[in-house]
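Undergrad: Here's the letter readout for the chains.
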Amino acid sequence: MPRPEQKMVTFTLDGREVSAIENSMLVDGAKCVDVEIPVFCYDAKLGQPVGACRMCLVEVEGINKLQTACSTPIREGMVVNTESDRVKESQRAVVEFLLINHPLDCPVCDKGGECPLQDITFGWGGGTSRFIEPKRHFQKPLALSPLIAIDRERCILCYRCVRFSQEVSEDYQLILSERGAHSFVSTFDGHPYVAPFSANIVELCPVGALTSQAYRFRARPWDVEGSGSICTLCPAQCNVTLTVRDERVLRVLGRDHDEVDDGWLCDKGRFAYQAMHVGERITEPLLRDGGELRPVSWERALQSAISGLTKAAGRTGAVVGGETTNEEAFLLQRLMREGLDSPDLDSRPGGALALDLHRALADPALSATVVDIEFAHAVLVLDCEPVDDAPILDLRIRKGVRRKGVKLAVASSRPSSLDANATLSLRFAPGAGEALVAALDAALSGTGDVDGLAASAGADVDQVRELAALLSEAGEDVVVLWGERLAHGPRGDHAVRGLLNVASRLKLASADGAGLLEIPSGANGRGLRESGLLSNAGPGLGEPGREGRDTPAIGAALAAGDLTAVYLMHCDPVRDFQDRGLWNRALSKATTVVAHAGYLTEGLIEHATVIFPAEAYAEKEGTFTHPDGRIQRLRPAISHARGVRPEWQVLATICKAAGLEMTFHTVPMVFRALVDAVPFYADLTLDEIGGRGMRWQQTAAAANLPTASDRAPYQLTAPPAALTPNGSLRLGTYRSIWAGSEVAVSPALKFLIPHQQVELSPDDAKRIGVGHGDRVEVTYDGAAVNAQVTLRAAVPTGTVFLAEATDSQPANLLTNGEPRLVEVRPA
Amino acid sequence: MTEVRRFTHGSRIPGWDDAVDFSKDPAVVPDAATTPVPEHLRAEIEEYMARYPDFRSASIPALRAAQREHGWCSPLAIEQTACVMGLTPGYLTAVGTFYDMIETQPSGRQAIYVCTNISCSLRGGDAIYSAMLEAAADDSDLNVRHFECLGACDIAPMASVNGEYVGPLEPSDCATIIADVKAGREVLPDKQLRRRPSAHTIAKQES
Ligand code: SF4
Ligand code: SF4
Ligand code: FES
Ligand code: FES
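These protein sequence lines are chains A and B, in that order.
Going by the working numbering, the first residue of the first sequence is number 1, and it counts up by one from there.
Going by the working numbering, the first residue of the second sequence is number 1, and it counts up by one from there.
One or more hints might be untrue.
[As the list claims (entries may be wrong)] Calculated pairs, EDC-like style, for lysine to aspartate or glutamate (alpha carbon to alpha carbon, straight line, at most 20 Å): (1) 407/A / 139/B; (2) 88/A / 119/A; (3) 750/A / 21/B.
[Unchecked claim] Quick look at which bits of chain B chain A covers, simulated, 3 or more residues with Cβ under 8 Å: (4) 16-26; (5) 32-40; (6) 43-56; (7) 93-104.
The set of hints was computed from the structure by calculation and includes no laboratory data.
All residues carry an ideal CB built from backbone N, CA and C; glycine is no exception.
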């Protein structure tokens, strides 16, 4: 959709000529000339203003009554007065009115010192009150959820929190009950307000009515400092401000960036900072000694790692998780390729993708940005669940649909939380993404066997046709948001070719606001690939010299004894990857398992030989690359926990010991070397990246991206048909937003740790003879997962879903990355 | 006048002093697979939904239907309605607690609303209300409430008895009204608004 044109108009504000965007609200226009109009209920992020608090009244010439500046659009020639006696009188009146029942317990209120109500009372209030009657008093604080406390005395009924819940996150759990003076913020029948984005309301509340249970009474605004960085817990890489006191992170706030997070954070990002300061964190090197991991000196740990790795030179693999920075990735790939003569390294849990396809996908013309989602004519969410995979993108999609009229289509195996917003929701068999894109390609091109391909995908052919029609008729700006899982498995190349075909049929490369946007499995998935952490590509998606093994092949080679050592950077394959059995065998067979980890997870406890403590992201310096190509800086906010060393230095030390020349003294020096090695990063400097990041596609050096030799449309080969359930069930898996060590060790988030549950359709449950809440056993070839049944009407009959990376009984007991049929029976 | 209902700490509003209950799950849209809804209720709500361009406009009639089914808009009634409508129970609670004729606390099934707004109170509405309460005694099946203007000031002081507008009332009518309601009879036929010759032209023709 073309971005709305912004016409500048001139209006008069307090006797001054001001030029502002036509139809923007007066409060925003006034900011252009530093005139502050006080507001309580207005926040541009919340969408349409509601005019609930009347704090923003101003005089507009020609209109008799005072007008709310938050909801009065600016017109050419408007004459506005914010300083007349009438305006001041009304401001004083509103403040006095709001304070009638406000407890004024600022000295014990968490908001004190950063409270709009305090500031506005001080700045615009009358300073006195005529109210001498006793105020209302209630129980306080009360829990609204394990994360949020509510103090109803303090609430000024501005509606911000409920508007967030209803119109931004659309969970619609938070409501205003009753009416008039009786109104209060609450939930249905005492249910807690628990939703992925709930705690944004704490930041939104203009008074101290909503406070964070984790931050309450921990600090005062005047004894903390704010430090900007990015959240590294998922690919969305939201910009954050870390509240720091005495070298401890006490809180995470949004650092609004329209092009990244739109000013919101998910609750994982907001509360998992606690994981930096818990006892579970590894803060000293560990070495396996007599079968057990024991703390040792850095020298000893480094020595053991170096000797283990160099002994296995040529027979070492490296597997990397998403929290690794570009700089670390760059050093690690040099260590592997140049120092240890081992080309076996990968950052893709699902296996390699042809280099040519990587290049084709990275084509700047084909890449969509986060903002494109909001302005697209149509968005296709393909084989991913944004709220789990990159939560903040979920809000962006909702915003596009609700406020910009974006047509949404969802194509996934598991019912999606976006189904209710979608014009079309299509289900296909788990793992049959390749057949689905092939069917879509055929429907779009008008050639090929749509029926047969849709059947292979386990999808409804009419729906595939409808989807093709929706995408081709919506308008030129179509964004396809797709999950890396589409490209997982041995047939990943084929799936991506199909996807590129779809993109070429829809001419996504030729429209500015159209394109593909991949949600990688790791937070810095894109950066790792571009920094050279691929089995088949060096830095800058260049030729790797020698092609190595990808993740599944590294596992197999370790198990077979072809590789004898492995470097695990920020990942535990046993927990994170498909085929737990294989990885257990692989790691127990390896003689040296070097890991960088923040927490002891099962695979590491069992198999690691040396563990270096990982830095917390607040301690770390480096760069990350956002899924849309934006390079963002990670800035240290606190000093390292005692015993933790910068990981890039650890890598550099090992590189040096392996015979590489290392001349780096600082992270920026490594960055420089990285930029020199990645041709399309060539124009980037840390200064320019700054606090807002920079998309490499927007620099001239983007032209240096190596081009793919072969281009879409490709000739596709017939995809394998989805398995037929006949009695057994297709197994689908997903990874919850709450999976992961950071959630598991953060005291505030512990209640959200995902437990395994089997999602069954009512029909299948009936056939098997189990009901909601019953325990069942899901089995495949002797392996079993035991879990509780959750009945969901939206689960397609014939399919069952299990969660990955749960605290126990995880799905990867049964999976190996290929489609599977499982048996379900009462336990 | 009866005493205003007060809760601890002087709160007059149920809920102000309540924390949430952590043993409950977050109230998301109820899943059809785990929320049984009586078939006729589902059909009725779906019929209402079909009447409006935005199905959410059917919230009020849908809640009224659930209220008829369950006697009041209990959490269960709200959950069932939410399940059929594909909304969160919270959405419907916000609607339900806003409107007076949706009962979110247990209440009698017989709705007797006595108007105590300006016109009626000038003509003795408060006395009618007291008399009505007295006549109803403690019968939990009777939901006697004072109400704001019901739009029938011409028959002030008046009351709405299960939707039937009656007036002008004398305090002595109250006992008859209660007796009629209990017996399931028509209430005060001669004081019903719709039977007044002076009312609507069509009513006039019919009478
Ligand atoms: S709790 Fe805060 S955000 Fe919500 S209505 Fe009250 S004052 Fe506004
Ligand atoms: S959406 Fe992702 S990046 Fe943003 S706060 Fe949550 S975990 Fe962090
Ligand atoms: S800010 Fe304008 S009415 Fe509240
Ligand atoms: S005041 Fe009673 S009906 Fe209008």
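Undergrad: The structure should be examined with respect to each hint, and the outcome stated for every one.
TA: Taking the hints in turn, this is what the structure says about them:
no.: 1; hint: 407/A / 139/B; verdict: violated (55 Å)
no.: 2; hint: 88/A / 119/A; verdict: holds (15 Å)
no.: 3; hint: 750/A / 21/B; verdict: holds (17 Å)
no.: 4; hint: 16-26; verdict: holds (count 10)
no.: 5; hint: 32-40; verdict: holds (count 3)
no.: 6; hint: 43-56; verdict: violated (count 0)
no.: 7; hint: 93-104; verdict: holds (count 4)
Checked against the numbered hints above, the structure breaks hints 1 and 6 and satisfies the rest.
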